[in-house]
Amino acid sequence: MKKDNERFVFKLGAVVCLALFASNSISHACTTKIGAVLPTSVDWGRPIAETAQFVVDQVNESGGVSGCSIEMVLRDTQVDPKVGVDAAKALVDLDGVQLLLGAVSSGVSMPILTSVSVPSNVMQMSCCSSSTAFSKLAENGKTEGLWFRTFATTGVQAAVGAKVAKDRGFKKVAILYKNDDWGQDLNRLIARDFAALGIKVTSAVAINDGQPSYKAEVTSALSGSPDVLYLGLYPNEGTAAVREWLSLGGTQNMIMANSLKSEDFRENVGLQYLGNAFGTDTASPRVASADAFVQLYKSHFGKEPSGPGLANSYDAAMIALLAMEAAGKGATGDQIASQVGRVTDPAGTPITADAAGFKAARTILAGGGNVMYQGATGNVRFDKNGDVSAPAVVWKFTDGGTTEIEYLSLTEVDEFIASMN
Amino acid sequence: MIGILSYIIFFTTVASILAIAVLGLNLQWGNTGLFNGGVVAFFGAGAYGTLLLGGTPQPDHIAGFELFYPIALIGGMTAAGLLAWVVGILTLKMRHDYLAISTFGVAVAFENLMRNAEWLGGGAKGLRGFERPFRESLGDGFVYNFVFLIAVVFCLIVTYRFQEILVSSPFGRLLRAIREDENAARSLGKDPARIRLTAFVTGSVIMGLAGGLYGTFYAFVSPQDVLPTLTFQIWAMLIVGGAGNNKGAVLGAFIIWAAWTFSGWALSRFAPIEAQLYTGSIQYVLIGLVIVIMLLWRPQGLLPERLVVSQSGLG
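The listed protein sequences correspond, in order, to chains A and B.
Count along the first sequence from 1, then add 615; that gives the number in the numbering used here.
Count along the second sequence from 1, then add 230; that gives the number in the numbering used here.
Any given hint might turn out to be false.
What the hints assert, rightly or not - Estimated spans, in silico, between C-beta atoms of each pair:
hint: 1; chain 1: B; residue 1: ASP290; chain 2: A; residue 2: TYR888; range: 56 to 62 Å
hint: 2; chain 1: B; residue 1: ILE319; chain 2: A; residue 2: GLY756; range: 44 to 50 Å
hint: 3; chain 1: A; residue 1: GLU878; chain 2: B; residue 2: GLU504; range: 27 to 33 Å
hint: 4; chain 1: B; residue 1: PRO400; chain 2: A; residue 2: THR834; range: 34 to 40 Å
hint: 5; chain 1: B; residue 1: TYR514; chain 2: A; residue 2: GLY756; range: 37 to 43 Å
hint: 6; chain 1: A; residue 1: TYR888; chain 2: B; residue 2: ILE319; range: 49 to 55 Å
hint: 7; chain 1: A; residue 1: ASN823; chain 2: B; residue 2: TYR328; range: 23 to 29 Å
Just so you know, the hints here were simulated from the structure itself, not pulled from any lab data.
Predicted model only: the values in this text are computed from it and were never measured.
We put the beta carbon where it would ideally sit given N, CA and C, even for glycine.
All chains, please: the whole structure from these sequences, using the hints.
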């Protein structure tokens, strides 16, 4: 009886081994895990994760990284720093990942960076964390070159907002900003930029989420009789605050951050009041790859990539995997991070952001060449702090959505920012 | 292998820190019957206090006194104690649900203060610039986490012993007497108001210790760390473990935190690929389910309070 059992176990083992071997030899010889820590329990976090997974699927389709297929292990952060750090730690320690994608909130990305990525020498690339605290940390040498983000820092957005005010000849501005790390940063930066351009900030008022009324805040913003209103808000509070602003007789001259580029905002405020409202946004440069991303996204998901951070998530995943390919098999986090410059080299061979582009990049990188990644957010280029700059657009609301009224190339943005300093 | 060990060390550290906070709540709720709905405020005061006192100078906010670490930690605990004292004097006249609501309000106020007062705690960006103690000599990796774990477990054991002694002392009996029947205690010449305040402050100082260790471990704290979710987590740990029982409090902390993290890990590993994107939501459902089942099946907790007659009739 015992012997039978042993034999059975042996046979079973052999079958399992064969099955494993067979299934592996069909696809790739091996699997490399990468980690993703994203807030998938939040409605807008899920598409960000889907987009990253879409990149992984395409890379696998093109033959994987260093001959291995990529498996993205996805963990939810619940937007809770404890949970996010634990998930990241488990990915690094238990799954042995050398690359982490995430997180979204700066308050989660930061402890992951300081207590997991840097001590464990793992590269971390975020699609969406915007806090200036990361730049400062990098300047102090605390990120050890392991940190990157494809979300243009708030500085670009602020500079272009200030430029709009200057070009339209506004002299006095009131600011309403969302009371979180993004909003506080934006307010600080744009107030500085307005001052540099000689525009007076009559008041800057923080707007907290979920209040039934913003009358008090709006009244205090009205007090200096500004001729333009700057809005660093999200659609929900933005709608409520702007309605009160207009009903109390505030000016219809408005400058909006990209967060208000939303149909809800347009419909709920009413297009007739938004004739003089100018939006700013970082933009895709005029290259085919940015449109190609939109086409690719539409053909895969059957809808426009309209949620926040989707293009950024796409580029984050793609650049990270390109760097992994460049670093070669079994590379550690710092080795991968050191290759990011090689795949985003402005002097390199341009490649597209899809399976074919990845395939082309593989050949060039193997031959020792550099490539210039042309992605969903443009020709991404990181500075020494792992930050990206970006071209910008000025836009307005129309019947059908938004229309662009001005485009500033990367060089123009950089020159304008330099001119203020 | 080293990876698994490293993760276990990490997990045990976080669970032990939370266990200390649960012990603090056990003193307040389990033993004295004070419904503290603002655990996170005292936890946060400890974390912010420790990092402010022990951190390096920063250009955009105060802090950076670079005090010797144990002094910074004690400073954090003192901050939590002071906050508890002020809150206690104002609110301890209230009972049960009223106390719960007002302490919850204090916690929300604390979070908003930290989110807005950039000069104080760095605002929404959080508090940076803290160097973990002994980092130069121990490095940043495995060894450091191991030594830190020993320090945290030591703190947990000291807290546990302290509360065991406290609970079995005449003072502990007095706490339970107030919990069960305040008028009876007063009729015996005791001063419930003072005793309640003492228990509230002591419990909060213990929460402050947990917060200080938490901030030290991550070398960072932001308003996102002091959201009401943490209060809920600490309460769930105490209820599941067993209010009034110190062993239960520690056990509950480990079980709930393990359920919280392990469910995420297991789902990421075993859930079918099309369900992967929804694991976050599934995890919430599972955790909620565990707590509901627990409350229905064993409302007294895994290790219920053992009522002891502290003086036998023969004594």
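Report task. Could you work out which earlier hints the structure fails to respect and list their numbers in ascending sequence? Result -> Numbers 1, 4, in rising order.
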